[in-house]
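Put together the whole structure using the sequences plus the hints.
In the numbering used here, the protein residues as written are 6 to 245.
Source of the hints: derived by calculation from the structure; they are not laboratory data.
It cannot be assumed that every hint is accurate.
Quick list of in silico lysine-lysine cross-link-like pairs, DSS-like style, CA-CA up to 27 Å [claimed, not checked]: (1) K40 - K72; (2) K231 - K146; (3) K207 - K146; (4) K26 - K40; (5) K72 - K186.
Label-pair restraints from in silico Cβ distances [said to hold, decoys possible]: (6) N37 - S228: 37 to 47 Å; (7) T177 - M198: 23 to 33 Å; (8) E197 - E166: 16 to 26 Å; (9) D218 - E106: 46 to 56 Å; (10) K186 - K211: 10 to 20 Å; (11) K231 - F165: 35 to 45 Å; (12) H123 - K28: 31 to 41 Å; (13) P25 - Q172: 29 to 39 Å; (14) Q172 - K26: 42 to 52 Å.
For glycine and all other residues, C-beta sits at the position ideal for the given N, C-alpha and C.
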Amino acid sequence: MTKPDNRIIPSKEPVYLEGPKPKVNEFFFAFNVLKEFIKGFRTLHFVGPCITVFGSARFKPEHEYYKCAVEFGKRIAEMGFVTLTGGGPGIMEAANKGAFENGGKSVGVNIKLPFEQHENPYLHKSVTIDYFFVRKTLLVKYSYAFIIMPGGWGTMDELFETLTLIQTKTITDFPVVLYGKKYFQPLFDYIEMMSEEGTISKEDLKHILLTDDYNEAIQHISSYIKVNYKIKQKKKLGWF
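Structural data, given as structure tokens:
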């Protein structure tokens with residue numbers, strides 16, 4: 006079978022997905038992954054409690070969804086949380102911008118790509134990661150809620166991985182907001198059909214909110230957090 010000539014990440018990411026390699030290659034891959042995690046942990050350990058915003062890198066500033074994400078960044082800042090995104094353009098930039106320009110803290114976990122994914126200018130702190138799975142771990146690890154804006158394959162990957170982690174109790178059942186009824190209603194209908202067919206339980210749906218209303222979204226998040234968690238800043242450790 007002929008291998009494709011055009012790679013999304015030409016020389017690094019695909020290598021570990023192409024089957025067994027010499028043991029030394031596998032060792033250095035594992036070592037590089039460890040270094041990536043340590044880099045991410047050191048960058049994000051003291052940023053404070055976050056709310057992650059997922060969404061497409063392709064929306065421009067004049068688009069309705071971009072403007073909505075700016076508003077979410079602002080609202081997250083008003084709640085006293087850190088706005089955490091994938092650090093790139095589009096929805097990510099918009100949410101970071103909303104926080105950055107309204108007195109909030111804005112953080113990004115970027116990914117190395119040959120297209121689309123440049124770091125946006127509205128970040129107080131950022132880290133660039135080589136591997137998608139490391140990046141997704143960091144975007145989930147520090148957050149108490151997740152706002153899912155319209156997006157493509159990457160956004161759907163992030164959404165369903167987060168829901169799977171909640172379902173399997175790998176992470177706490179934090180609130181998940183799907184913002185944009187026109188965009189997400191068909192997907193939400195499909196998720197409800199999964200529940201009706203028994204492939205997921207009705208309990209899995211209880212923290213998902215589909216809405217077009219900023220206030221409803223923020224209320225859904227803040228009420229859950231206030232009831233279940235006491236958020237406080239961690240003390241800095243010497244080795245960091």
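**Message:** Are any of the numbered hints broken by this structure? If so, which, sorted upward?
**Reply:** Per hint list: 1, 9, 11 and 14 violated.
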